[in-house]
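Can you make the complete structure from the sequences, with help from the hints?
So you can see what is in the structure, the chains are spelled out below.
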Amino acid sequence: MVRRYIKLYFLLAGAYVRSRLQYRLSFGLMCFGIVISEICLLGLLGALLAKFRTVNGWTWAEVVFLYGLGNLAYSFMRILGSQLDDFDRYIIRGELDGVLIKPVPPLFYILANRVELIHVSRALTSVAIFVVAFHLSGIRWTLDVALFTLTTILSGTLIMFTLMLISATVALWTTKSGKLTDLLISATKEATAFPISIYPLAVRLLLTFVLPVAFVTYYPAQQLLQKGEFLGMPELFQFGAPVVALVMLCVSYLFWCSGLRRYHSTGS
Amino acid sequence: MKKYLTFTLKAFQRTLTYRFELWMELFINVLFMLVYVYLWKALYTGRTSVEGYDLNGILTYIVVSQTLLTFTFTLRISRIIEEKVRTGEVVTDLMKPIDFQLMTLATAAGTSSHTALFNMLPKFLLFYGAFGLSLPPSPLTVFLFFISVVLGYIILFSIEFIIGIFAFWLVEIRGLYAFVIWGLAMLFSGYFLPLEFYPDFLAKIAVVLPFRAIIYFPTAIYTGQLIGESLVTALLIQLTWVAVLVGIGRLAYRAAFRKLVIQGG
Chain A
1 MVRRYIKLYF
11 LLAGAYVRSR
21 LQYRLSFGLM
31 CFGIVISEIC
41 LLGLLGALLA
51 KFRTVNGWTW
61 AEVVFLYGLG
71 NLAYSFMRIL
81 GSQLDDFDRY
91 IIRGELDGVL
101 IKPVPPLFYI
111 LANRVELIHV
121 SRALTSVAIF
131 VVAFHLSGIR
141 WTLDVALFTL
151 TTILSGTLIM
161 FTLMLISATV
171 ALWTTKSGKL
181 TDLLISATKE
191 ATAFPISIYP
201 LAVRLLLTFV
211 LPVAFVTYYP
221 AQQLLQKGEF
231 LGMPELFQFG
241 APVVALVMLC
251 VSYLFWCSGL
261 RRYHSTGS
Chain B
1001 MKKYLTFTLK
1011 AFQRTLTYRF
1021 ELWMELFINV
1031 LFMLVYVYLW
1041 KALYTGRTSV
1051 EGYDLNGILT
1061 YIVVSQTLLT
1071 FTFTLRISRI
1081 IEEKVRTGEV
1091 VTDLMKPIDF
1101 QLMTLATAAG
1111 TSSHTALFNM
1121 LPKFLLFYGA
1131 FGLSLPPSPL
1141 TVFLFFISVV
1151 LGYIILFSIE
1161 FIIGIFAFWL
1171 VEIRGLYAFV
1181 IWGLAMLFSG
1191 YFLPLEFYPD
1201 FLAKIAVVLP
1211 FRAIIYFPTA
1221 IYTGQLIGES
1231 LVTALLIQLT
1241 WVAVLVGIGR
1251 LAYRAAFRKL
1261 VIQGG
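Chains A and B, in that order, are what the protein sequence lines are.
The opening position of the first sequence corresponds to residue 1 in the numbering used here, with each subsequent residue numbered one higher.
The opening position of the second sequence corresponds to residue 1001 in the numbering used here, with each subsequent residue numbered one higher.
To be clear, the hints were calculated from the coordinates, so they are not data collected in a lab.
Hints should not be assumed to be uniformly reliable.
Quick partial rundown of chain B residues pointing at chain A, CB under 10 Å, derived from the structure [said to hold, decoys possible]:
(1) 1021
(2) 1071
(3) 1076
(4) 1102
(5) 1128
(6) 1184
(7) 1255
Yeah, the Cβ is synthetic: ideal placement off N, Cα and C, and Gly gets one too.
Put into C-alpha cells, the structure is as follows:
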C-alpha cells in the first residue's frame, strides 16, 4: 500500500518534471534565479552581522546557525509542498472537482502532481549554508548530535508544511488565498532567523503556540548550542519539535478534511 | 488621459472584491514589521547611535522602508504580462488604440493605490503610534518624499515591465523575476538596513544599480538623512533611472511586438 503510493508519487512527479525539463533555458534560469536570491538574502544578514556582531547575546555564528536551520526546513518544505502555493487556482478554475474523483486521497494527488524540481536548487544552497553555519558555531559532531539535527530538520520541515497546508485550506472557504500562503510562510521563516528572545511576550507566545515555528529553530538550537535560554518556557521544549510536528500534522489534516467536506464547486 | 484613468479605476475596484485576503495580508505584514522593529531594538541595546541613526531614527527608517517594500510585494506586473503572453490575451491589448506600457502602468497604479490606502497607510500609522516614530523634518520634505516615492514606484514598475516583456522570448520568467526582484532588488534597495550600514564593496555596487532609488532614496529623504544638495542629487538620479528604464521598456516591447507579428500571433 505504502509502496504503491511512493511509486505513484514518483510517477506523477516524474511526468511533471519531464515536461518542465523540455524548456532547458527557463529551467536553468529559474534555478539560477533562486540560488542568487538565496545568496543575496544571506548577504543582507551578513551585512547586518558585520556591523553589529551580536544579536541579544547570540554571536554572529549562532545567528547564522539559526538562519541556516530555518532556511533548511523552509527549502525542504518548498520541494514537498510548494504546490499548495497557488492552491486557490484549483478552486477558481474548478480543477478541484477533477482531483476529487481521482482514486487517491486529494491531498496526495495535489502534492504529487506538480513537484517543482527547481526548488532542489534552493535546498542544495541551504544545505551548503547550514553545513558552514554548523561548522562555524563550533558544535561537535557525535551520533547523538547528528540524530538530533536530522530529527529537528525533519520536524521543522513538517511544521512549516502544516502551516502552508492550513493557510492553503482557508481557500476552501474563501475561494481565494492568493499570495497569503507564500506571505505567511515567508513571515514565519523570517521570524525564526533570529533568537525569539528579541520579541515581546505576546509575539513569543504566538511563535510558540499558534504558529509554532519557534520549534523549527529556537528551541532545538538550545540543545545544539547549549544556550539554556528558555524565557520561562519548560526546558523540555528543546526536545519538543517532533511532538509539535505530529500534533500540527493531525490538526492541519483534520482542517483540510473539514474544508473538503464543505467544499462546493465554483461551477466554472 | 481619461481612458488610462479608467484602467486605474477598474483595477482599484477589482482589488476591493477580496476583503478577507486584504485583512490577512495586513496581519501578516504587521508580523513582518514586528520582526524587524524588535530586531533593531535588540541590536541597539547599549548603543546610542550607529552611522548617524539613533534608535528612533533607525526604527523610523525600517518602518518607512518596510511600508514601501509592500509595493514590491504586491506589484505583479511581470506575472500579469507573462500570463497575457501565454494565453494570447496580449493580442486584444495590442488591437486597442492605446499605449501598452501606459495602460499597464495605469492598471498597476489602480491596484497599488488601493494597497497604499488600505494596507500601507494603516500599517504605517499603527507603527507610527505604537513606537513613537518621527515625522520628516519639514513640510517641504514631506512633499519631496512623496515625489520620491512616486519616482521609485515608476522605477520598480519599469523593471517589472521589462522582466514581463521577456516572456515573449522565454517561456517562463519566474527565474528572471527571482533573480532581479528577490535577489538584486532585495539586496540593493536598502529595505532591510540603510545603505550606510553596508560594507564598502556592497555599497559601491549599490551606487551603480537602480534599486536603491526604489526604497532607500525616499526613505532617507523621509528620515532627513538626505538633505539639501544630496536630496536634489537623489531626485535627479531617480529621474534619470525613470527615463532610462521607461525607454528600455519601450524598446523591448516594440521588439517583442515585431516578433509577435512575424509569428502571426
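Here is how each hint holds up against the structure:
Checking residue 1021(B) against chain A: minimum C-beta separation of about 5 Å stays under 10 Å; hint holds. Because the smallest distance between the Cβ of residue 1071(B) and any Cβ of chain A comes to about 14 Å, over 10 Å, the interface hint for this residue is violated. Of the supplied interface hints, the one on residue 1076(B) holds, with its beta-carbon coming within about 8 Å of a beta-carbon of chain A, less than 10 Å. Proximity of residue 1102(B) to chain A is violated relative to the hint, the smallest CB-CB distance being about 26 Å (cut-off 10 Å).
Nearest Cβ of chain A to the Cβ of residue 1128(B): about 18 Å, over the 10 Å cut. The hint is violated. With its C-beta approaching chain A no nearer than about 7 Å, residue 1184(B) sits inside the 10 Å limit, and its interface hint holds. Evaluation of the residue 1255(B) hint against chain A yields a violated restraint, the C-beta minimum of about 18 Å exceeding 10 Å.
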